[in-house]
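Chemist: Residues per chain are reported as follows:
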Amino acid sequence: MATLVGESGKKTRMVEMEIKPRSLESGFAGGMEPEFEGEHMLINIGPQHPATHGVLRLVLELDGETVVRCIPHVGYLHCGFEKIGEYRQYNQIIPWTDREDYLNSMGNNVAFVLGAERLFGIEITERCTVLRVIAMELSRIISHLVWLGTTCIDIGAFTPFLWSFQERENVYKLLEGWTGARLTTSGTRVGGMIADVPDGWVDGLKGFLERFPKTLDQCDRMLTRNAIWVGRTVGLGVMSPEEAMNYGLSGPMLRASGVAYDVRKDFPYLDYETYDFDVPVGTNGDVYDRFLVRQQELRESVRILEQAVKRLPDGPVNVDDPRVILPSKTKATSEMESMIHHFKLVMEGPRPPIGETYVPIESPKGEKGYYFVSDGTAKPVRWRIRPPSYVNLSAIPKMVEGHLLSDVIAINASIDIVMGEIDR
Amino acid sequence: MSSDLETQDHGAPTFAIVMPGQPGDNPTTPKNVPHKGGAVNPSVDDLRVKFGAAIGRHEVGWGETTVYVERTKVREICAWLQSDPSQSYEYLSDVTAVEYRDQVRPIEVVWHIRSLKFRRFLRLKVELPKDGKTPLDVPSVWPVWKGADWLERECYDMFGITFAEHPDLRRILLWEQYKEGFPLRKDFPLRGRFSRAEQLKNALAADPEARYSMEEISVLEAFTDLPADMRKRLGGGEKVGE
Amino acid sequence: MGLKELMNKGSGTDPKLVYDYDPDSNQPFVTTSLDFLVNWGRANSLWPMPFGTACCAIEFMASAASHFDLARFGMERMSFSPRQSDVLICAGRVPFKLAPVIRRIYQQMPQPKWVISMGACASTGGMFDSYAVVQGIDTIIPVDVYVPGCPPRPEGLIYGIMMLQKKVREERMSNESIRDEMMPDPLSQLYIPASRIDELSEPFGNSVHQTRSAP
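Protein chains in written order, with the working numbering: chain A, 1 to 424; chain B, 1 to 242; chain C, 1 to 215.
Please keep in mind that the hints were generated in silico from the structure rather than gathered at the bench.
All of these numbers come straight from a predicted model, not from anything done at the bench.
One or more of the hints may lead you astray.
Straight-line C-alpha distance at most 30 Å; calculated DSS-like pairs for lysine-lysine [to be verified]:
(1) A:344 to B:31
(2) B:36 to A:398
(3) B:73 to A:265
(4) B:117 to A:265
(5) A:265 to B:36
(6) B:186 to A:265
(7) A:398 to B:133
(8) B:31 to A:398
(9) B:36 to A:344
(10) B:130 to A:344
From chain A, some residues computed to sit far from chain B (all C-beta separations above 12 Å) [unchecked claim]:
(11) 170
(12) 235
(13) 243
(14) 394
(15) 424
Partner residues are not named here, just some residues of chain C that face chain B (Cβ under 8 Å, in silico) [claimed, not checked]:
(16) 97
(17) 100
(18) 129
(19) 134
(20) 175
(21) 186
Cβ coordinates follow ideal geometry from the N, Cα and C atoms, glycine included.
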């Protein structure tokens, strides 16, 4: 339901304007039913609203309960990430990548260092490659779980929220054991990771992979063939494949509309072509298909993780390049050259050659990429975040036209937006 | 996934699946990508054949091709790249701008476009010199790709680059009465031009609800009942932002 | 344990003691019992208004979920309408564009109301020392409890909530100034004077004095 923010004098003025009848000759006096032809209401949802998934403001023009037009306003979480990035060394920017799409922190960290390593011209180690795949798929799982929980709450089912957050706690334990933080992990560095996984971590992951599909089955049993769920989500917010491509949609939004574009398959990175997994593609382009696509993606992530865990090779995690990786303390305190490397890396930071690059990855929201422009110094000249949710959200006016007010919430939930990424 | 639900008639249309790439494609993770001297995107030659002088130099860095094009021809070039079956760049990934620290270098507006059919990636650039003679204005590619809508609005908001014939060029991430300037320009300090107290004052004075866009106000029948100064301000066009 | 024993328990040095009741107060019995009852009711049913913007909102949701249940503190009823809430939990960074919104939400809450500033960004601007982020919501609304962390663990938030509960229990009806709504300066709309804000941000190089730039 829409909530009108600002129940102060300003709203009263707006309400007065709305309810004014168009003409008094329409038989108001005398007890006849007045004819209001086309009297549209302007409703404001947000920026503070439980169902907008963050601080999004939607202004809807309603004809009764049908949406005629929707004008989204964003920017209520704009913090100047890209500007800050120009004043930080490459490794220092990594904590900002966590906070930007905060549901997919490890994924963002990996995306960032993939781009940075391309800019530096570094090839990472085998172990690091597989660990990063594990990190990305784990963070895909937790992002989709939040999406599942919050979408269910928006549409009315409260219990899957608790189930999904309970599973998230299990993943949090793993991430905390590895990186030290639950949510904002900062788990990667240019040339490697923050640290290798601790002992017993892989067993913990295996245990999680055994138990997690049961929760997925539970959610599946509850929702997929549920008449209420199907009735609330089928046929809503349909985007045809041509429209979806033209609007620049990506991720599950695009795949539910029938375009099988997944960056992991089409422009692979981290050896994803060597993993055996499928990409679910929908055919109806509605909210129900997006739900099915994301649910299946959770299962595919579990598949990838099982393969990654089997193939995790031994070896060093960080690349042995003194230009980017800090030397060990023993070396740094005993060898002059290492001490100089250490000093330069800490004080100035790793410096890439002049150039620019854009390496996209498949984030749970869509095609995510960081565009770096370097002028040879330790701080990027331009750090651009290509935000999938931002471009996905721009299609919302197209998707909600003609739908009911309660459908707006369902469609908004199906886009899976993260305001941190949209507003940066 | 239950098949009987899928065969039911939901009233939702069914689309055919579009597979990116060509049959026989086998994309792999790029390894040891060279800094310079990689393979040039074949679209560059096709562009030179079609548009001739409007296409400037091209560079290949880290496996990505960058083409510098002439400012006024951007929309035609993009429209051709999108619609021509041999190019088929149906996907716009990003529109952004870069300003270098070296003040002599021009501002570059960057388009990242992707051909899903041929699995290609191309970067188009337009240089806008900061000599005061060239306006910071480029044609909008919204008629070609609808996804450019918000991307160009953000570019305007952050850099002050206007996009000609954009349907609704307003500030998007900052509020419309934002007075400090365009944040991502290099002469804009990180913490803004005003003191913190001043910024707070401006922010609190910007009532987020009082100012609707022209589009929204046109809905209300009582536009004619608005005070004269507000009507004038809204009617005068807020496309440039204040 | 009877009400009388509870009230006469003594000073607050006992770590298990949650009810901090001052036995030397020379208030009449009725007022002190009423204070106790009212504060007990308020503290144990603080209905939060989650003003969640960013990552802290996710940790807030995790606190409300089954693992770190907030319902045991009486906070399961998340009121998203400010009119029906007691505590505004500002979880996440507040940019300048959102500042008038949070100000208005705070003003819409009826007394008694409290504010928990959750996370580093809400307390001081956190890691976002940039042109767009409010450097601490206490410049816009008065804050009762600050919970540091980026994001704070759910245990941290719960500790902050318990501190707020302790603060609520220590309120006395005889102290009429508690429910006075602090009004911002009408000219500047700020709670803290403008000069003081500039003074506080000076050490980090406020905008016009900023010299630290890339590279």
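Chemist: Hint residue 97 of chain C vs chain B: min CB-CB distance below 8 Å?
Modeler: Holds, because the Cβ-Cβ distance from residue 97 of chain C to chain B comes to roughly 5 Å (cut-off 8 Å).
Chemist: Does residue 424 of chain A clear chain B by more than 12 Å, comparing its Cβ with all Cβ atoms of that chain?
Modeler: 8 Å, violated
Chemist: Within 30 Å, alpha carbon to alpha carbon, are residue 130 of chain B and residue 344 of chain A?
Modeler: Outside the cut-off at roughly 34 Å; violated.
Chemist: Keeping to a limit of 30 Å between CA atoms, is the pair of residue 265 of chain A and residue 36 of chain B held or broken?
Modeler: Within the cut-off at roughly 26 Å; holds.
Chemist: Can you verify the interface hint for residue 100 of chain C: is its Cβ closer than 8 Å to any Cβ in chain B?
Modeler: Check passed: Cβ of residue 100 of chain C comes within 5 Å of chain B, closer than 8 Å.
Chemist: So is residue 394 of chain A really clear of chain B, every C-beta pair being over 12 Å apart?
Modeler: 4 Å, violated
Chemist: Double-check residue 186 of chain C for me: the hint is only fine if its C-beta lies closer than 8 Å to a C-beta in chain B.
Modeler: 11 Å, violated
Chemist: For residue 243 of chain A, is the shortest beta carbon distance to chain B beyond 12 Å?
Modeler: Answer for residue 243 of chain A: violated, closest chain B Cβ roughly 8 Å.
Chemist: Please work out if residue 186 of chain B and residue 265 of chain A have their alpha carbons no farther apart than 30 Å.
Modeler: 38 Å, violated
Chemist: Is residue 31 of chain B close enough to residue 398 of chain A, meaning Cα to Cα at most 30 Å?
Modeler: 40 Å, violated
Chemist: Measuring Cβ to Cβ, find out whether residue 235 of chain A lies farther than 12 Å from everything in chain B.
Modeler: Per Cβ check, residue 235 of chain A is inside 12 Å of chain B; nearest 4 Å; violated.
Chemist: For the pair supplied as a hint, residue 398 of chain A and residue 133 of chain B, confirm whether the alpha-carbon distance does not exceed 30 Å.
Modeler: 39 Å, violated
Of the numbered hints listed earlier, those contradicted by the structure are 2, 3, 6, 7, 8, 10, 12, 13, 14, 15, 20, 21.
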